[in-house]
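A.B. asks: This is what each chain is made of:
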Amino acid sequence: MSRTIFEKGIGGKSGNYLPTGDFNVDTIEGIRTRKGPVGLPEIGEQDIIRHYVELASKNYHIDKGMYPLGSCTMKYNPVVNEEIAGLDGFGGLHPEQDDDDVQGALELMYSLESALCEICGMSAFSLQPVAGAHGEMTGMMVAKDYFRSRGEERKTVIVPDSAHGTNPASVVICGFEPKVMASDEHGLIDPEILAAQIGDDTAVLMLTLPNTLGLFEKEIARIVEIVHEAGALIYMDGANMNALLGIVQPGAIGIDIMHLNLHKTFATPHGGGGPGSGPVGVREHLADFLPVPRVVMEDGKYRRVYESKNSIGRVHPWHGNFNVCVKAYAYICACGSEGLLAVSENAIVNANYLMKKVGQWYDIKYPGPCMHEFVASGRNLKQYDVRTTDIAKRLLDYGLHAPTVYFPLIVEEALMIEPVETEKKETLDNFADVMEKIAVEAKEDPELLHKAPLTTPVRRLDEASAARSPELCWPGLDSLGGEGD
Amino acid sequence: MVPEESKFTKDHEWVFVEDEIATIGISDYATGELGDIVYVELPEVDTEVQQLDPIGTIEAVKTVAELFSPVSGTIVEINDAIMEDPETVNSSPFGDGWFIKIRMDDPGELDALFSYTEYQEFLGEQAE
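Protein chains in written order, with my numbering: chain D, 3 to 487; chain A, 3 to 130.
Don't read these hints as lab results, they were simulated from the structure.
Here the structure is a predicted model, which means the values were calculated and not measured.
Among the hints, erroneous ones may be present.
What follows is a set of in silico ranges between Cβ atoms, one per label pair, in the way DEER data are often shown [as the list claims (entries may be wrong)]:
1. A:Glu130 / D:Ser310: 36 to 46 Å
2. D:Cys475 / A:Gly97: 47 to 57 Å
3. D:Asp447 / A:Glu130: 51 to 61 Å
4. A:Met85 / D:Thr6: 30 to 40 Å
5. A:Val47 / D:Tyr78: 47 to 57 Å
6. D:Ser16 / A:Gly34: 50 to 60 Å
7. A:Glu50 / D:Gln99: 25 to 35 Å
8. A:Glu89 / D:Gly94: 17 to 27 Å
9. D:Leu450 / A:Glu130: 46 to 56 Å
10. D:Val55 / A:Leu54: 37 to 47 Å
Here are the simulated BS3-like pairs of lysine-lysine, each with C-alpha atoms no more than 25 Å apart in a straight line [stated by the list, open to error]:
11. D:Lys66 / D:Lys37
12. D:Lys358 / D:Lys311
13. D:Lys445 / D:Lys66
14. D:Lys445 / D:Lys367
15. A:Lys12 / D:Lys367
16. D:Lys359 / D:Lys303
17. D:Lys66 / D:Lys439
18. D:Lys146 / D:Lys220
19. A:Lys103 / D:Lys445
20. D:Lys146 / D:Lys157
21. D:Lys384 / A:Lys103
22. D:Lys439 / A:Lys12
23. A:Lys64 / D:Lys384
24. D:Lys453 / D:Lys358
25. D:Lys427 / D:Lys453
26. A:Lys103 / D:Lys367
27. D:Lys359 / D:Lys311
28. D:Lys146 / D:Lys15
29. D:Lys445 / A:Lys12
30. D:Lys66 / D:Lys367
31. D:Lys220 / D:Lys453
32. D:Lys453 / D:Lys60
33. A:Lys12 / D:Lys453
34. A:Lys64 / D:Lys181
Only part of the chain A face toward chain D is listed, based on derived beta-carbon distances under 8 Å [what the hints assert, rightly or not]:
35. Val63
36. Lys64
37. Thr65
38. Ala83
For glycine and all other residues, C-beta sits at the position ideal for the given N, C-alpha and C.
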């Protein structure tokens with residue numbers, strides 16, 4: 003393990019020395035001054051650079067290799083987007099500047115909203131939510147206020163067991179009660195089960211489309227009909243939208259509310275906790291409920307509107323993660339409509355190709371054809387006392403990032419694999435070859451897999467202790483003399 | 003409890019009955035599948051439950067599972083010890099790692115559950 007910057011930074015070494023102040027703050031009446039040192043590490047510039055380069059070299063990221071993390075869509079982010087987002091006219095703005103001063107930025111927000119509306123067949127989008135789950139929450143708040151405005155008190159939200167794991171949490175946060183709905187033997191929603199479960203108390207059906215098995219709901223038309231007949235709304239978790247660009251417009255098939263993940267579908271950086279962007283789109287009858295401010299165009303000028311009678315209010319300061327929106331808009335413009343369609347087609351082709359190859363060695367409970375991802379299972383290796391955890395850890399030894407494991411819950415020993423559209427055939431073949439090697443190792447030398455990873459900076463971690471008694475603060479912080487207040 | 007005299011569900015809960023009180027836990031197969039359990043959430047005593055209601059959450063390192071009540075009745079006791087030390091469920095699924103005790107409304111509900119032998123056969127079928 004590397005020593006932390008705090009451990010390396012003890013000893014009074016510094017690359018910069020601040021000038022001594024030329025006035026005495028104690029003479030200012032009522033001022034509160036710090037009682038002790040700040041507690042920051044003191045370290046020379048060269049050692050700082052070496053520290054972070056060392057950490058970066060130990061890290062695994064999309065610029066180092068394939069990252070087939072199911073449902074997370076870890077794809078290549080074109081570098082030109084960074085350059086565009088860094089232009090002074092975007093990167094140097096303050097959100098409080100007058101509308102007249104920031105017409106270009108407002109035009110970008112307006113144009114991005116229009117593009118997302120066209121791609122998704124929705125009437126309006128809010129760019130304010132800054133993550134997928136934040137979008138889910140915003141969408142649920144819209145649903146809540148919609149029913150409130152109609153004088154209806156609907157309490158439950160139906161969530162299929164093939165949905166993203168954040169969905170039920172967003173439902174609870176917004177004061178609804180989630181009801182899990184079982185998938186049928188094909189991993190899809192059975193309209194009969196839905197019809198039996200839905201009722202006057204149902205506010206929303208919250209589905210992930212394509213679902214976490216990488217499958218498109220074949221009965222979507224009937225599903226939408228059942229939901230609307232019950233007076234409920236249908237929400238689509240659009241995190242998997244990279245399977246549908248130019249193929250399906252959710253609004254056109256009757257989806258009422260949806261969110262997108264710009265940091266997945268539209269190639270903005272993803273991972274490390276953000277910043278992300280989770281715009282929420284709605285059909286016309288719900289547009290009034292979106293967060294404010296909204297950008298409108300009048301007489302050829304753009305302005306921000308802060309008042310809206312039915313708006314749920316703000317869900318984030320200012321305008322969300324504006325620079326992420328710049329990158330997504332640059333990506334959409336660069337791709338164009340044909341390019342976006344090619345994104346989805348290639349995502350689907352890649353996933354099906356890899357599913358066939360991996361399926362030679364691992365169980366595929368729902369054999370598809372799939373959309374942008376598929377779920378394999380390590381259950382056929384249980385006979386050698388090898389589990390999916392062991393497979394995932396061994397992948398690290400071969401220089402690959404592991405897929406999402408043990409999710410969705412409806413597949414035993416799940417390995418959820420999303421190759422994404424930006425990986426070439428040779429990369430997919432290499433991943434499949436490694437999966438084959440691991441399947442052979444499981445049979446011949448299971449102990450090797452139990453010990454994996456053997457080549458990484460840290461070996462297998464004690465995840466149980468970390469979860470049972472986490473230590474979230476570096477224990478040496480006090481020794482630096484830092485103060486909480 | 004005695005595993006051989008207990009009833010089992012297809013969701014891998016066990017029920018052992020003594021004087022109309024059903025003690026409920028999860029089988030060693032379930033703990034093996036879940037792996038290291040790190041957190042357990044249980045309902046309040048006196049809660050009334052229906053058969054198959056979700057009555058608790060079991061969080062393991064790799065997954066989260068729900069505990070479903072195998073019987074209807076009133077919860078008379080919960081095992082505080084496993085909330086403090088969830089690893090007890092891994093180390094002693096049929097003993098100290100029990101979850102809750104329920105005063106049953108209808109002992110007849112037990113008839114629909116697996117016997118020990120039937121449960122072992124069920125596990126065998128699952129493995130195929």
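A.B. asks: Take the hints in turn and mark each one as holding or not.
C.D. replies: Right, here's what the structure says about each hint:
1. Checking the proposed 36 to 46 Å range against Glu130 of chain A and Ser310 of chain D shows it is violated: the Cβ atoms sit about 59 Å from each other.
2. Evaluation of the 47 to 57 Å hint for Cys475 of chain D and Gly97 of chain A yields a failure: the beta carbon distance comes to about 36 Å.
3. In this structure, Asp447 of chain D and Glu130 of chain A break the distance hint of 51 to 61 Å, their C-beta atoms being roughly 25 Å apart.
4. For the pair Met85 of chain A and Thr6 of chain D, the beta carbons lie near 33 Å from each other, so the given range of 30 to 40 Å is met.
5. In this structure the hint that Val47 of chain A and Tyr78 of chain D lie 47 to 57 Å apart at CB holds, the actual value being about 55 Å.
6. For the hinted restraint 50 to 60 Å between Ser16 of chain D and Gly34 of chain A, the CB-CB distance of approximately 54 Å keeps it satisfied.
7. The hinted window of 25 to 35 Å between Glu50 of chain A and Gln99 of chain D is violated, with their beta carbons roughly 60 Å apart.
8. Glu89 of chain A and Gly94 of chain D have their C-beta atoms about 54 Å apart, which leaves the hinted 17 to 27 Å range violated.
9. Here the CB-CB span from Leu450 of chain D to Glu130 of chain A is close to 27 Å, at odds with the stated 46 to 56 Å.
10. A C-beta distance of roughly 56 Å is found between Val55 of chain D and Leu54 of chain A, which places it outside the suggested range of 37 to 47 Å.
11. Between the alpha carbons of Lys66 of chain D and Lys37 of chain D the distance comes to roughly 45 Å, so the proposed pair goes past 25 Å and is violated.
12. Taken as a hint, the Lys358 of chain D and Lys311 of chain D pair is broken in the structure, with Cα atoms around 53 Å apart against an allowance of 25 Å.
13. A hinted pair counts as satisfied when its Cα atoms are at most 25 Å apart, and Lys445 of chain D with Lys66 of chain D does not qualify at roughly 30 Å.
14. The straight-line distance between the Cα atoms of Lys445 of chain D and Lys367 of chain D is roughly 21 Å, inside the 25 Å bound, and the hint therefore holds.
15. The straight-line distance between the Cα atoms of Lys12 of chain A and Lys367 of chain D is roughly 19 Å, inside the 25 Å bound, and the hint therefore holds.
16. A distance of roughly 54 Å separates the Cα atoms of Lys359 of chain D and Lys303 of chain D; the hinted pair therefore is violated under the 25 Å criterion.
17. Taking the CA atoms of Lys66 of chain D and Lys439 of chain D, the gap is near 21 Å; set against the 25 Å cutoff, the hint holds.
18. Taking the CA atoms of Lys146 of chain D and Lys220 of chain D, the gap is near 28 Å; set against the 25 Å cutoff, the hint is violated.
19. The suggested pairing of Lys103 of chain A with Lys445 of chain D is violated, with an alpha-carbon distance near 43 Å, which exceeds 25 Å.
20. The suggested pairing of Lys146 of chain D with Lys157 of chain D holds, with an alpha-carbon distance near 9 Å, which does not exceed 25 Å.
21. Of the supplied pair hints, the one linking Lys384 of chain D and Lys103 of chain A is violated, its CA atoms being roughly 33 Å apart against a limit of 25 Å.
22. Between Lys439 of chain D and Lys12 of chain A the alpha-carbon distance is near 35 Å, which puts this suggested pair outside the 25 Å criterion.
23. The suggested pairing of Lys64 of chain A with Lys384 of chain D holds, with an alpha-carbon distance near 16 Å, which does not exceed 25 Å.
24. For a cut-off of 25 Å, the pair hint linking Lys453 of chain D to Lys358 of chain D is broken: about 29 Å separates their Cα positions.
25. For the proposed pair Lys427 of chain D and Lys453 of chain D, the alpha carbon gap of about 31 Å is over 25 Å, so the pair is violated.
26. Of the pairs offered as hints, the one joining Lys103 of chain A and Lys367 of chain D is violated, with about 37 Å between alpha carbons and a cut-off of 25 Å exceeded.
27. Restraint check for Lys359 of chain D and Lys311 of chain D: the C-alpha separation of about 55 Å exceeds 25 Å, so the hint is violated.
28. As the CA atoms of Lys146 of chain D and Lys15 of chain D are separated by approximately 56 Å, the hinted pair breaks the 25 Å bound.
29. For the suggested pair Lys445 of chain D and Lys12 of chain A, the alpha carbons sit about 30 Å apart, so the restraint of at most 25 Å is broken.
30. For the hint pairing Lys66 of chain D with Lys367 of chain D, the CA-to-CA distance comes to about 31 Å; that exceeds 25 Å, so the pair is violated.
31. Taken as a hint, the Lys220 of chain D and Lys453 of chain D pair is broken in the structure, with Cα atoms around 43 Å apart against an allowance of 25 Å.
32. A hinted pair counts as satisfied when its Cα atoms are at most 25 Å apart, and Lys453 of chain D with Lys60 of chain D qualifies at roughly 20 Å.
33. Among the hinted pairs, Lys12 of chain A with Lys453 of chain D is inconsistent with the structure: their alpha-carbon atoms are about 33 Å apart, more than 25 Å.
34. Only pairs whose Cα atoms come within 25 Å are accepted, and Lys64 of chain A paired with Lys181 of chain D is accepted, the gap being roughly 23 Å.
35. A hinted interface residue such as Val63 of chain A counts as satisfied when its beta carbon comes closer than 8 Å to some beta carbon of chain D; here the least separation is about 4 Å, so the hint holds.
36. Checking Lys64 of chain A against chain D: minimum C-beta separation of about 4 Å stays under 8 Å; hint holds.
37. Because the closest C-beta pair between Thr65 of chain A and chain D is about 5 Å apart, less than 8 Å, the hint holds.
38. A least Cβ separation of about 14 Å between Ala83 of chain A and chain D goes past the 8 Å threshold, and the interface hint is therefore violated.
When each numbered hint is compared with the structure, violations occur for hints 1, 2, 3, 7, 8, 9, 10, 11, 12, 13, 16, 18, 19, 21, 22, 24, 25, 26, 27, 28, 29, 30, 31, 33, 38.
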